[in-house]
Amino acid sequence: GENVEQHPSTLSVQEGDSAVIKCTYSDSASNYFPWYKQELGKRPQLIIDIRSNVGEKKDQRIAVTLNKTAKHFSLHITETQPEDSAVYFCAASRGSSNTGKLIFGQGTTLQVKP
Amino acid sequence: DTEVTQTPKHLVMGMTNKKSLKCEQHMGHRAMYWYKQKAKKPPELMFVYSYEKLSINESVPSRFSPECPNSSLLNLHLHALQPEDSALYLCASSQDPLAGNNEQFFGPGTRLTVL
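Residue numbers (our numbering), protein chains in the order written: chain U, 1095 to 1208; chain Y, 3 to 117.
Among the hints, erroneous ones may be present.
What the hints assert, rightly or not - Which bits of chain Y does chain U cover? Going by a derived footprint, with three or more residues having C-beta under 8 Å, they are:
#	region
1	36 to 45
2	99 to 110
Said to hold, decoys possible - The following residues of chain U were derived to be distant from chain Y, with all beta-carbon distances above 10 Å:
#	residue
3	L1105
4	G1110
5	D1143
6	K1152
7	V1181
8	G1199
9	Q1200
10	V1206
Don't read these hints as lab results, they were simulated from the structure.
Using N, Cα and C, we set each Cβ at its ideal position, and we do this for glycine too.
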């Protein structure tokens, strides 16, 4: 069935370093790939997303890349800051569905050490 | 108004109680979602309403009963819950998945504790 695998499950970096989180999806009909950041006790927040008609999207220190052939997409955070510490979830969705159902990865706990 | 709101923020209930969770959005979004989330796990989809019709029920036990009174409101009625139902219950909405506008925006959640 539909599945999204996310790695690593935990990631610890020094402030200023880069962080990369990778996801692999199984449903070849998926064409929308959002990333959510969830701080402790707060709601998941959409931080960036990408659709299958582009290979890369950037927003300041955050970028997402998509390889449709390999069914991989990745989140890149540059110049990490302590406030980037959170749980990050990737997700995949079929764009033509009338429900917008998201299939989530298991999450990555990112710790940025000052 | 560009947010999804949820009430209450916290709820403690006994296994014999009946309570309801409420979700509201005034962004004109046509799809609304209920999720259950345990600590450090991804949100787990429970129900989807699309154009005020129940589109997905992910085999959720009948002690959870969703209701969509209108396009802005979503309720989750709770009855005879079990302690393992304790979790963060998140509501989300998206503009129009049928048209490809499927960015989902989450509410702050209701922290539910079942004693």
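Hint check results:
Residues of the region 36 to 45 of chain Y lying with their CB closer than 8 Å to a CB of chain U number 4, which satisfies the three-residue condition for coverage. With 10 residues having a beta carbon nearer than 8 Å to a beta carbon of chain U, the region 99 to 110 of chain Y meets the requirement of three or more and the stated coverage holds. Taking the minimum C-beta to C-beta distance to chain Y, about 14 Å, the non-interface status of L1105/U holds against the 10 Å cut. Here G1110/U stays apart from chain Y, with its beta-carbon at least about 26 Å from theirs, past the 10 Å limit.
With a minimum CB-CB distance of about 6 Å to chain Y, D1143/U fails to clear the 10 Å threshold, and the non-interface call is violated. With a minimum CB-CB distance of about 18 Å to chain Y, K1152/U clears the 10 Å threshold, and the non-interface call stands. The beta carbon of V1181/U is not kept farther than 10 Å from every beta carbon of chain Y, the shortest such distance being approximately 6 Å. Not every C-beta of chain Y lies more than 10 Å from that of G1199/U, the closest at about 7 Å, which undercuts listing it as non-interface.
Not every C-beta of chain Y lies more than 10 Å from that of Q1200/U, the closest at about 6 Å, which undercuts listing it as non-interface. Every C-beta of chain Y lies more than 10 Å from that of V1206/U, the closest at about 17 Å, which supports listing it as non-interface.
Consistency with the previously given hints fails for numbers 5, 7, 8, 9, ordered from lowest to highest.
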